[in-house]
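There are 2 protein chains.
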Amino acid sequence: MKTDLTIALDAMGGDFGPGTVIPGAELAAIRHPNFKFLLFGDRAKITPLLDKYPRLKARAEIRHSDVSIGMDEKPSQALRHGRGKSCMWQAIDAVRNGEADAAVSAGNTGALMAMSRFILKTLPGISRPAIAAIWPTLRGESIVLDVGATIGADAAQLVEFAIMGEAMARCLFGLTKPTVGLLNIGVEEVKGIEQVKEAAKFLREMNLPMEYFGFVEGDDIGKGTVDVVVTEGFTGNIALKTAEGTAKQVATYLKLVLNRTLISKLGAVLARGAFQALRDRMDPRKHNGGVFTGLNGIVVKSHGGTDALGFATAIDVAIELVRNGLVAKIAEDIAEMNAVMNPDVQVAV
Amino acid sequence: MKTDLTIALDAMGGDFGPGTVIPGAELAAIRHPNFKFLLFGDRAKITPLLDKYPRLKARAEIRHSDVSIGMDEKPSQALRHGRGKSCMWQAIDAVRNGEADAAVSAGNTGALMAMSRFILKTLPGISRPAIAAIWPTLRGESIVLDVGATIGADAAQLVEFAIMGEAMARCLFGLTKPTVGLLNIGVEEVKGIEQVKEAAKFLREMNLPMEYFGFVEGDDIGKGTVDVVVTEGFTGNIALKTAEGTAKQVATYLKLVLNRTLISKLGAVLARGAFQALRDRMDPRKHNGGVFTGLNGIVVKSHGGTDALGFATAIDVAIELVRNGLVAKIAEDIAEMNAVMNPDVQVAV
Chain A
1 MKTDLTIALD AMGGDFGPGT VIPGAELAAI RHPNFKFLLF GDRAKITPLL
51 DKYPRLKARA EIRHSDVSIG MDEKPSQALR HGRGKSCMWQ AIDAVRNGEA
101 DAAVSAGNTG ALMAMSRFIL KTLPGISRPA IAAIWPTLRG ESIVLDVGAT
151 IGADAAQLVE FAIMGEAMAR CLFGLTKPTV GLLNIGVEEV KGIEQVKEAA
201 KFLREMNLPM EYFGFVEGDD IGKGTVDVVV TEGFTGNIAL KTAEGTAKQV
251 ATYLKLVLNR TLISKLGAVL ARGAFQALRD RMDPRKHNGG VFTGLNGIVV
301 KSHGGTDALG FATAIDVAIE LVRNGLVAKI AEDIAEMNAV MNPDVQVAV
Chain B
350 MKTDLTIALD AMGGDFGPGT VIPGAELAAI RHPNFKFLLF GDRAKITPLL
400 DKYPRLKARA EIRHSDVSIG MDEKPSQALR HGRGKSCMWQ AIDAVRNGEA
450 DAAVSAGNTG ALMAMSRFIL KTLPGISRPA IAAIWPTLRG ESIVLDVGAT
500 IGADAAQLVE FAIMGEAMAR CLFGLTKPTV GLLNIGVEEV KGIEQVKEAA
550 KFLREMNLPM EYFGFVEGDD IGKGTVDVVV TEGFTGNIAL KTAEGTAKQV
600 ATYLKLVLNR TLISKLGAVL ARGAFQALRD RMDPRKHNGG VFTGLNGIVV
650 KSHGGTDALG FATAIDVAIE LVRNGLVAKI AEDIAEMNAV MNPDVQVAV
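Quick mapping for you: the protein sequence lines, in order, are chains A and B.
My numbering numbers the first residue of the first sequence as 1 and each following residue consecutively.
My numbering numbers the first residue of the second sequence as 350 and each following residue consecutively.
If we strip away everything but chain A, and leave its shape as in the complex, we get (with noise of 0.2 Å):
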């Protein structure tokens, strides 16, 4: 094992490229001092911001590319125009090839799981990758997954984003043994969708090492009824941005409601403690990262619109799958699966 791990950074991803991407890289190296990082992007542009930040500096390296992917442009497109040359491929790449332990991107989202794919592949025993969401809760932090990798999910599917979303888990909160809920509309054995139901079949009647729940609903994910919410990813992205969209609706009824009288905004100005500890809990920087779980590397992607301190929240996730070997420990748990598999309850796909 290396004792100097290395984060490989898309400098140029995100709305505002490098201007995020190396303020965001310099929190993470002050608060990872064992880690180096690989910038891939526009040196010209990198390099003037790059002296700013001495400590960052000392750990980091440029690897120039003039080549970047559009925040727009279609996954087969950036395929085939960033291929080899671009800075999104090359950060993936340095994982590939053993120079970084994972990657980092805010670009954009297809384009990133497309090239992930092509260049990492999937895991043996993977059918598709799925994006990993970090779920603020109310009993602190759920993983939701897929919100947004491929559309669709079968029976087979579920139960693998299930292993994935378990090992993550234990990655991330140091779960022995977290708890897996599949998303449904009704907790009944007999409601849903059909492939949901038949992973809920697969995951109760096969002895994976797994704390499987049950069904779960749109109302328990934020509740943390359970560590891990498995669904497919149309409905997960769904999910994903409607509850964004109602956090921002109430925060902006609150603000409404407090400027409507004198009392009020002088009761919210006593309350100034209260109001910040909620956009603190709130603050969607403090959950940004979604991880692309099922590849041979980790790759996080972060927000396009996020600023430094959301980027090195997404550098910590990647940071903190490193350190404890997510993509062994899925490799791992899908060789157990196939291990402990037989044609009795083999699920048909």
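Because the hints were derived from the structure by calculation, they are not lab data.
There may be inaccurate statements among the hints.
Claimed, not checked - Here are the computed lysine-lysine pairs in the BS3-like style, where the Cα-Cα straight-line distance is at most 25 Å: (1) B/K540 <-> A/K74; (2) A/K191 <-> B/K423; (3) A/K286 <-> B/K572; (4) A/K121 <-> B/K470; (5) B/K470 <-> A/K265; (6) B/K550 <-> B/K526; (7) A/K255 <-> B/K597; (8) B/K604 <-> A/K286; (9) A/K329 <-> A/K201; (10) A/K248 <-> B/K614; (11) B/K597 <-> A/K265; (12) A/K248 <-> B/K635; (13) B/K604 <-> A/K223; (14) A/K265 <-> A/K248; (15) A/K201 <-> A/K248; (16) B/K526 <-> B/K572; (17) B/K597 <-> A/K248; (18) A/K45 <-> A/K57; (19) B/K604 <-> A/K248; (20) B/K604 <-> A/K255; (21) B/K572 <-> A/K255; (22) A/K57 <-> A/K74; (23) B/K546 <-> A/K74; (24) A/K191 <-> B/K526; (25) B/K614 <-> A/K265; (26) A/K329 <-> A/K36; (27) B/K572 <-> A/K223.
Got chain A; can you put chain B on it based on the hints?
Only chain B this time, still in chain A's reference frame:
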């Protein structure tokens, strides 16, 4: 047209049965002096309650039934056991035989939908009914459908949902040209699930008398980007419950942070009026009522756990839809759709 309008109530439905339904109906009776009420259920339980509400009593009639549907009965079981003789069945049947203009129940959703579909039948040209939710947004309210009548929908069914939701928005919000969006995981034309893309093509290309906006994402629901959000029942149900869960989560955070220090508690006392206004705005009782659309008659489902105020809101929704002729509007729109439909743009189903 009848001058006296009548609402049929399933008096035994919901977690509290007549204990909620009767005081809820009293509130509705006060607000709507030209409406009558048929109360289906156990006379022995309804009578003593009704005696407390003379205004309702003067305009209500009890229709005795000693069979009621359990909250956990499967739809097929409820249909067998409750056919003809249960109060839920009889309330819906009163709509079919013209005694009532709409039915409201806080009972078992699956049973209510199965019976409604069996008794009232779908409108000509409608393949399946949908449950439409009234969703509070930053711009007021929007209609979201389907939130769980059935799982999955093909392109033609999504178009039907669009038509039904649009007619409902005209009835409930008094809009002449409500905007309609299709829920998707991106706003670009190429993104999303096949059926959703096909429905989009259909809505764009057909010259329907409807303001089709395009794709919307999960966070657009709370923003109120469009008046009607169309999706299939699995995703719609999960979005609805996820939003409910998130709103509760933020409210819980808010309580926690306000109680942390004496000074923030004092601030909270001063801003009491504001918090009351926030609670009012977020009060689920004020947005209660899932509308069963696409049937030959109006059936509104109240939350099972609501109180009298919430049940009265569900009755309000039913009354508004009766007054504005929802069923006729949907039937006209579907007929119009069939008229403009030509083989070139016919949706592959």
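Going down the list of hints, with the structure as the test:
no., hint, verdict
1, B/K540 <-> A/K74, "holds (10 Å)"
2, A/K191 <-> B/K423, "holds (10 Å)"
3, A/K286 <-> B/K572, "holds (23 Å)"
4, A/K121 <-> B/K470, "violated (51 Å)"
5, B/K470 <-> A/K265, "violated (54 Å)"
6, B/K550 <-> B/K526, "holds (20 Å)"
7, A/K255 <-> B/K597, "holds (17 Å)"
8, B/K604 <-> A/K286, "holds (21 Å)"
9, A/K329 <-> A/K201, "holds (24 Å)"
10, A/K248 <-> B/K614, "holds (24 Å)"
11, B/K597 <-> A/K265, "holds (24 Å)"
12, A/K248 <-> B/K635, "holds (20 Å)"
13, B/K604 <-> A/K223, "holds (15 Å)"
14, A/K265 <-> A/K248, "holds (20 Å)"
15, A/K201 <-> A/K248, "violated (37 Å)"
16, B/K526 <-> B/K572, "holds (19 Å)"
17, B/K597 <-> A/K248, "holds (13 Å)"
18, A/K45 <-> A/K57, "holds (14 Å)"
19, B/K604 <-> A/K248, "holds (17 Å)"
20, B/K604 <-> A/K255, "holds (16 Å)"
21, B/K572 <-> A/K255, "holds (15 Å)"
22, A/K57 <-> A/K74, "violated (34 Å)"
23, B/K546 <-> A/K74, "holds (16 Å)"
24, A/K191 <-> B/K526, "violated (37 Å)"
25, B/K614 <-> A/K265, "holds (14 Å)"
26, A/K329 <-> A/K36, "holds (23 Å)"
27, B/K572 <-> A/K223, "holds (23 Å)"
Figure legend: structure checked against the earlier numbered hints; hints not met, in rising order: 4, 5, 15, 22, 24.
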